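So the sequence lines, in the order shown, correspond to chains H and R. In terms of this note's numbering, the first sequence is residues 1 to 363. In terms of this note's numbering, the second sequence is residues 1001 to 1327.
Any given hint might turn out to be false.
[What the hints assert, rightly or not] Straight-line Cα separation of at most 20 Å, EDC-like style, residue types lysine to aspartate or glutamate; simulated pairs:
| id | chain 1 | residue 1 | chain 2 | residue 2 |
| --- | --- | --- | --- | --- |
| 1 | H | Lys229 | H | Asp245 |
| 2 | H | Lys186 | R | Glu1295 |
| 3 | H | Lys137 | H | Asp289 |
| 4 | H | Lys200 | R | Glu1148 |
| 5 | H | Lys186 | H | Glu121 |
| 6 | H | Lys229 | H | Asp239 |
| 7 | H | Lys275 | H | Glu343 |
| 8 | H | Lys186 | R | Glu1196 |
| 9 | H | Lys137 | H | Glu175 |
| 10 | H | Lys200 | H | Glu343 |
| 11 | H | Lys275 | H | Glu175 |
| 12 | H | Lys200 | R | Glu1295 |
[Unchecked claim] On the chain R side, residues computed to face chain H include the following (Cβ under 8 Å):
| id | residue |
| --- | --- |
| 13 | Ala1043 |
| 14 | Gln1045 |
| 15 | Gly1202 |
| 16 | Glu1295 |
FYI, nobody ran anything at the bench for these hints, they're computed from the structure. Remember, predicted model here, so these are calculated numbers, not experimental data. Just so it is clear, CB atoms sit at the ideal spot from N, CA and C, and this is done for glycine as well.
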Amino acid sequence: MRFLSIAEQQMAEVAKALSLNADLIAMDEPTSSLTERETEVLFDLMRSLRDEGVSIIFISHRLSEIFEVCDRITVLRDGKLIGTAPTAELTEDEVVSMMVGREIDEMFPRTATEQGRVVLEVSDLSDGDELQSVSFKLHSGEILGVAGLVGAGRTALAETLFGIRHPVAGEVRIEGERVTINSPQKAIELGMGFVPEDRKQQGLFLNMAVRENIVISDLDEVASWGFLKFREVERLAQDYVNRLDVRTPSLRQRVRNLSGGNQQKVVIARWLTLKPRVLILDEPTRGIDVGTKAEIYHLLNQLARQGVAVLVISSELPEVLGISDRILVMHEGRITATLNRDEATQDAIMRAATGGKINHVVE
Amino acid sequence: MSWSNITRLLRRLSVFLVLIGMALIFALATPRFLRMSNLLNVAVQTSIIAIVAIGQTYVILTGGIDLSVGSLIALTGAIAAGLATSGFGTAGGITAALLLGLLLGAVNGVLVVKGRLPPFVATLAMLAIARGLTLFYTQGRPISGLPESFIFLGSGRLLGVGVPVYVLAVVAIVAYIGLRYTRFGLHVRAVGGDEEITRLAGVPTNRVIFLVYVISGLTAAIGGVLLTGRLWSAQPQAAVGWELDAIAASVLGGTSLAGGVGGIGGTLAGAFIIGILSNGLNLLGISSYTQQVIEGAVFILAVLFDLLTKRGRTTRRRQRTLAQEPT
């Protein structure tokens, strides 16, 4: 199983559930890493199962999918039942406000910001495997979205930029200066931060406290002569817990016990302590509730306004469209389109993501 | 209180309960156990094991293991004795022994970090090499005729208490502070928690791992010097099998062989369990052959306990991950 991609593993899980001939199937975020086509296949399957009398509990953060496939909707919040109603009687906005507990006036707060100098310039970057001659520029104050299907090389791009993988060709310039990034440590020295796709496998020390998780990358600020200054540790951690509104009973709470959204905020907080020039986020809102998603979008917007160059990889088209100033679309390791905010549509992205031609390619 | 909190508390307290229980049993079984002279003797014997086990704890916390400590004790002890009896004096001998411990620990560290050898392979090779060098250096014969000052370190007393106990106190305090209050200690625990995540967080994981082997080499050398002083001579077959004692002390004390979990306090208690067990069995007249069997069995029980209390956590974690996200 571990040789399969997350999406393929996911399909196998669904197949396993089907093979049991169950009367009731519970699916918890079954589509979180499926492509749209795979999702459609799954939905067709779900509908025919329903027609055969199988009951399905479909748990998802994706409202569009819920409205597409479900007959009734139940909303839970903080472990409490908020309400249940037939899908036909609800609108997406109503469901969102039930989930958040307040009206969301603006999910995507993106406001045009002044774009500054080129902070990161990538030319002809290849890793000899998943990346083929990738070039792009990232400006300070810009949120650059990276769209594409699973396996298009988006994660490979992020990991190569952050020194986890090593390129075989091409160059990377930061503030115009050519750099060789051969380790995460080097990337951090150059002012980069990376919020990985899988926060549990790559991001968090689940058994350590919130406090340690936040400060671990920035111990220079809270240590002198190698000794941790716990008052400073607490201050720094509390500062970011407040700024990101991480909901935790205490700074000493183990990260394992936090919700997915709050865990993700802890990962982001760690990078913010380093005050990065470039922040790379790989699927930053996967498995996170709508309310926290909105907070994260707001935060990214705020960072961009402060001049941080933000690179966001996302498989959710509304998200990419909603938060990005520009969107790179990748397909089979190449960039097949660079779309400006005003010309980016779901159609244009999907065409480029599946290898189709785009008429007006910028840059 | 949740189940995971209970198992965690159990893990932490069990070593102290076992220690007290065992001491009670021996106290009831033989009146000689509680005699002051015996207790002071146990304290000295245990101190040397405990010092070595403290270095071992750092290694195990990163998820590694150091099998070479028994041989390093013998080799550094022999070098210290050899130099002290050939004109370099106690100070010269000890300095050389400590430097040698640092050096051979560094070799272990380089093999693990740069050579990418599994720790047990690298340190198993070092176990053989250091023992061989000891036999070569001593020509298989004890080195005796140590200066008074050298013997004092292992066998002397201050205010009635053996000198090694004071050395242990210093080593334990430094190690405790190092683990809890320094950035290095945080890095050690992080590496043991997950090396990959630690690397992605920008921590120089290779340096951290290298350093824990250097620390283990140093504590083995301190143990080597004290043991030599205690035996009034360097024995070529000194400390054979002590790697088991050191590892068992750490694991009994709650340090998980998987890394990330554990601490110095537990290791001290673990070392005292081993010291008291050995002493009590001696007093009861149980042969040293049988003692080895018992000690091996205790070690297995400790590891099983570690696995069982941890297995509960990991299965639940796996289930939860399955429930939330694709696996």
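Among all the numbered hints in the text so far, which are the ones the structure does not match? 1, 2, 3, 4, 7, 10, 12, 13, 14 and 16
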